[in-house]
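Here the protein sequences line up with chains A and B, keeping their order. Going by my numbering, the letters in the first sequence line up with residues 14 to 280, in that order. Going by my numbering, the letters in the second sequence line up with residues 14 to 280, in that order.
It should be emphasised that the hints constitute simulated quantities derived from the structure, not laboratory data. Keep in mind that this is a model prediction, so the values were computed, not measured. Any given hint could be a false lead.
It does not matter which identical chain is used: a pair holds within one copy or between any two.
With a straight-line Cα cutoff of 30 Å, these simulated DSS-like cross-link-like pairs (lysine-lysine) come out [claimed, not checked]:
id : residue 1 : residue 2
1  : Lys136    : Lys266
2  : Lys124    : Lys39
3  : Lys126    : Lys39
4  : Lys136    : Lys240
There are 2 protein chains.
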Amino acid sequence: MIVVKVGGSLGIDYDALCADVAELWKAGQKLILVHGGSAETNRVAEALGHPPQFITSPSGYTSRFTDRETLEIFEMVYCGKMNKGIVERLQGHGVNAVGLSGLDGRIFEGKHKDKVRSVEDGKVKILRGDHTGTVEQVNTHLLNLLLDNGYLPVLTPPGSSFEGVAVNVDGDRASAAVATALKAEALLLLSNIPGLLRDFPDEASLITDIPASEVESFMAFAQDRMKKKVLGAAEAVQGGVGKVIFGDARVAKPVQYALAGNGTTVQ
Amino acid sequence: MIVVKVGGSLGIDYDALCADVAELWKAGQKLILVHGGSAETNRVAEALGHPPQFITSPSGYTSRFTDRETLEIFEMVYCGKMNKGIVERLQGHGVNAVGLSGLDGRIFEGKHKDKVRSVEDGKVKILRGDHTGTVEQVNTHLLNLLLDNGYLPVLTPPGSSFEGVAVNVDGDRASAAVATALKAEALLLLSNIPGLLRDFPDEASLITDIPASEVESFMAFAQDRMKKKVLGAAEAVQGGVGKVIFGDARVAKPVQYALAGNGTTVQ
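One chain only, chain A, in its complex shape (with noise of 0.2 Å):
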């Protein structure tokens, strides 16, 4: 059992992506496809005259702020748009794929957080009206469920509150929350950069391998969005995932790519 988490940033090619994972899955491959969305999320929420928020937290993570309206938009491109067209070319390569997003079934359940703090101009400030959390559950039932009959769930953000409100999760954290959940021989996390870089963005300073005991001390080398694979790689690693892969999703074969070892191992 393998997950790969492809994101949703500018430069992946999403039908190498899918023609990869089917020709794995007929080969019989069990995996799970987390997909992200952002690029799309922030041209349409413009085109809807709502456009993208990011908050910086005190600790350095870069996060959308997500109120109700963002949310909708939210959901429109990553659980319509990103989705089901993922599906749709997994269904034309004859993989039976079901999509689904961490509300149902309550795959990807977490706590409620209403707060975040920001950092704005060296000042913390308290934001309300946040819908986002952290998965602390992940729905295995359903998700063995899925796999034992043949389905390729296709996943997506976001998660269900306890209480069932929606709450953004992030992509990264949540494909890691499902591989230690299913306790995975590998987490692939592909995006349109090589792995991690220990001078960003020279490609050529790519970091082969990281000890699962060290994948902290690495910490230092990630910027931006690269700060929540390195953290998912930790948890993963920490709760039993085989190896963590961080590599490139704008090759011909990404996932096979990523798996023959191109890209940042973590193990």
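Position chain B relative to chain A; hints supplied.
Structure of chain B alone, referenced to chain A:
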């Protein structure tokens, strides 16, 4: 087992609908919910600068012309905002709902119609690039798998062509196909009118009963989108569904109200 279809027109109270569905579900009523999203799709399509285009077939049926861009907007609203909004409401009532499109697991499968005939100024034109289809096959395996494991399926168009291409399918007729495939006791088609009206839009002219054998002769009273409901009802009762009720989705407990016989009952 009952199948409840709720439309996507203005004036529908989804909070009331979901509270009612939750009450029935918790009392042990097996059901599947199917929904639309037409009005909101029109609004978002306008806002995104790709206004909706409706066509009328030579036999008088109105439908949305669904080019690739329209399909993506359609998916955003139906599969994203509407579907996840309904799932969230049900989860808030403690019902473990699972939202799926007809693409997922190929729940709704049929032939892709790329060309459609449209009557414009009395002339028949052929339009290409349409993504529509009619449901010919329902994946009852996946629906039963979910129901048997305590999950309430919340379904929405689009469906899948036999080749795996996303196709816009009519929600009323898709619901009729689901009800027929699952041998449902009843199919409820709820919208923002009280049922089939003899003199549309005079709500006092409600037709309360239609004998199953005569349903097609009542087609003369159906206006616009009501035509597909009458067609769906005919398909369902001829397919063995116990009864079909056209009910009002604007009332306090719309499902129980219709089940009590309010609306137009076809049986």
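Consistency of the hints with the structure:
1. Lys136 / Lys266: neither (45 Å within a copy, 50 Å between copies)
2. Lys124 / Lys39: Only across copies: Lys124 and Lys39 sit 25 Å apart there, 37 Å inside one copy, limit 30 Å.
3. Lys126 / Lys39: So Lys126 and Lys39 pass the 30 Å test across copies only (29 Å; inside, 40 Å).
4. Lys136 / Lys240: within (22 Å within a copy, 60 Å between copies)
Going through the hint list in order, the structure does not satisfy hint 1, though it satisfies all others.
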